[in-house]
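Just so you know, the sequences run in chain order A and B. Residue numbering for the first sequence follows my numbering, starting at 2 and increasing by one per position. Residue numbering for the second sequence follows my numbering, starting at 0 and increasing by one per position.
Do not take every clue at face value.
Taking lysine-lysine and the PhoX-like style, the derived pairs with C-alpha atoms no more than 25 Å apart in a straight line are [claimed, not checked]: (1) Lys206(A) x Lys244(B); (2) Lys94(B) x Lys206(A); (3) Lys41(B) x Lys24(B); (4) Lys202(A) x Lys130(B); (5) Lys86(B) x Lys206(A); (6) Lys125(B) x Lys206(A); (7) Lys125(B) x Lys202(A); (8) Lys143(B) x Lys244(B).
Hints were generated in silico from the structure; no laboratory data involved.
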Amino acid sequence: MFFNNDKKSQVVNIKRGESLWRNAWKKLKRNKVAMIGLIMVVIFIAVAVFAPLIAPYDPNEIDLFSVLKEPSLTHWLGTDYYGRDLFSRIVFGSRISLSVGIIVQVISLTIGTIMGSLAGYYGGKVDMFIMRIVDIVMSFPSLLFTIAIMVALGPSLYNVFIALGVVWWTRTARIVRSEFMRNRERDYVDAARALGNNDFKIMYKHILPNCMAPIIISFTMGIATSIMSEASLSFLGLGAQEPTPSWGSIINNGLQYLRVAPWYSLFPGLAIAYTVLGFNLLGDGLRDALDPKMKEF
Amino acid sequence: MAANENLLEIKNLKKYFPVKAGVFKKTVGHVKAVDDISFAVKNGETLGLVGESGCGKSTTGRTILRLLEATAGEVIFDGKDVLAMDKKELRGIRKEMQIIFQDPYASLNPRMTVADIIGEPLDIHKLVSNKKERNEKVKDILEKVGLGEEYMNRYPHEFSGGQRQRIGVARALAVDPKLIIADEPVSALDVSIQAQVINLLQDLQNEFGLTFLFIAHDLSVVKHISDRVAVMYLGKIVEITDKEKLYEDPLHPYTQSLLSAIPVADPTAKKDRIILEGDVPSPVDPPSGCRFHPRCPKAFDKCSIEEPVFKDYGDGHFAACHLLEE
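Start from the sequences and build out the full structure, keeping to the hints where you can.
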């Protein structure tokens with residue numbers, strides 16, 4: 002085919018360019034620690050998605066004849082004080098953690114990106130107004146503030162989403178704002194305006210894609226933190242309620258039996274540690290792969 | 000088309016940036032980046048705008064395009080005042096005036112392919128009706144700036160500085176504008192590439208009958224490309240005339256000193272270089288009278304008291320200097 006003399010059949014080979022995303026992915030693939038993190042995260046997500054297939058028992062099935070059993074072949078991680086299989090409860094608990102992590106981050110990302118982009122792009126009074134709200138929210142210790150909201154709303158898993166979202170959007174807003182401020186001064190934004198783009202298009206078609214790197218990093222890291230926060234709230238009895246199997250509440254229940262059944266609290270604790278570690282390793286790798294300071298555009 | 004008709008007329012244009020200080024961001028002064036300038040660009044010509052860095056050249060260009068909002072004045076483009084336009088009218092006029100930026104690394108969106116960068120203005124102004132037509136048009140434009148269609152799906156970071164600047168030119172050209180403001184389009188490029196890009200701009204000017212406002216600080220580049228030249232100092236235009244007249248018979252002492260600084264490729268040539276003393280004063284608090292008087296070798300009493308009038312000294316040779324009035 003390389004020696005084809007017929008000119009008409011020659012097709013100009015239009016090479017696909019290499020986008021910066023693909024570049025970043027290549028970089029991420031070379032980073033072993035990040036790939037371990039990614040595998041850990043993928044396993045976690047797979048467990049959450051396929052929980053009914055993995056768990057050997059119904060997580061809420063009460064068996065009063067086998068209460069507080071040690072880990073064994075029938076109950077891999079033992080049982081709790083109602084005789085429920087802990088392994089199954091932890092497997093199903095991953096669903097709670099995953100949904101909290103993602104939903105809270107999506108809420109905070111949406112609010113944070115809108116607020117942050119408006120503040121960063123328009124500056125002046127808009128910026129002043131939005132950033133003072135952010136300052137007020139951030140001036141409270143975040144766990145204390147979430148607890149206050151949870152107390153006001155009442156303990157339930159849905160309220161955890163709201164409470165954590167309300168606290169977390171401020172961080173995203175700060176990141177997005179600073180990225181917008183940095184980018185809006187660049188020439189390509191002026192070029193976009195000179196071509197007749199309106200503000201909305203300039204903000205979300207031109208500037209936002211250039212701010213994605215820190216947003217993705219904060220999203221990944223934020224999932225880990227949200228999972229931790231949900232576990233803390235559930236541990237305090239403010240999050241998911243019985244019989245919903247949340248890692249935090251399992252730890253709390255196990256606390257009373259720490260002397261006789263240490264595995265009861267240990268295993269959900271390990272599950273939290275594993276998940277948070279996975280997301281953090283991945284997040285660190287993403288930072289290395291996406292950080293604009295390491296690769297000049 | 001009347002060749003001498005003014006495509007662009009700037010009347011008493013001012014752009015002040017407020018200087019804010021203190022806890023309450025009180026305005027304590029203004030940077031007078033562009034202070035009451037007037038000039039015109041004729042249809043089909045290239046007007047060079049030269050001056051030191053920080054004299055307000057780029058601000059002038061951006062204010063004309065309303066990338067910056069002017070403090071006062073008029074910008075008449077094709078008979079209409081651009082500064083008085085509402086959003087909708089402005090959008091329409093954007094098709095007629097385009098800009099080429101100095102830094103080809105900052106002026107292209109790193110997340111967009113070349114086809115999207117050049118195709119976007121076509122979409123905005125509805126110059127193409129479908130994707131195929133858009134692709135064809137992008138291909139055409141790329142060819143005109145000397146790039147092949149194989150580059151269409153590449154990203155800006157895969158190109159060299161000179162190629163990027165060609166993409167920048169292609170983007171400006173896509174909407175088929177009448178006026179292009181070139182804001183130091185070659186000063187970030189290697190000398191060998193500079194020549195290529197300048198020749199490209201000249202070829203395109205001939206082909207499409209473009210009008211250029213060519214902003215630069217390099218006098219030899221301006222000499223090559225311009226028909227007329229305007230010299231700016233500290234937010235004011237001090238002299239404006241035909242290229243030949245400016246380079247042979249500069250009237251203003253500032254222009255004279257600028258021209259004396261152009262290197263000559265002859266080691267035996269004897270030159271009387273006029274070396275200016277001191278720095279450019281701050282545009283926040285410009286000198287009284289003629290702004291150039293603290294550095295002017297020929298300054299006299301009147302210069303620090305009264306501002307010289309910018310007027311015609313014959314054949315469209317405008318200058319602002321008290322010496323000329325004597």
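Those earlier numbered hints the structure runs against, lowest number first: 1, 3 and 8
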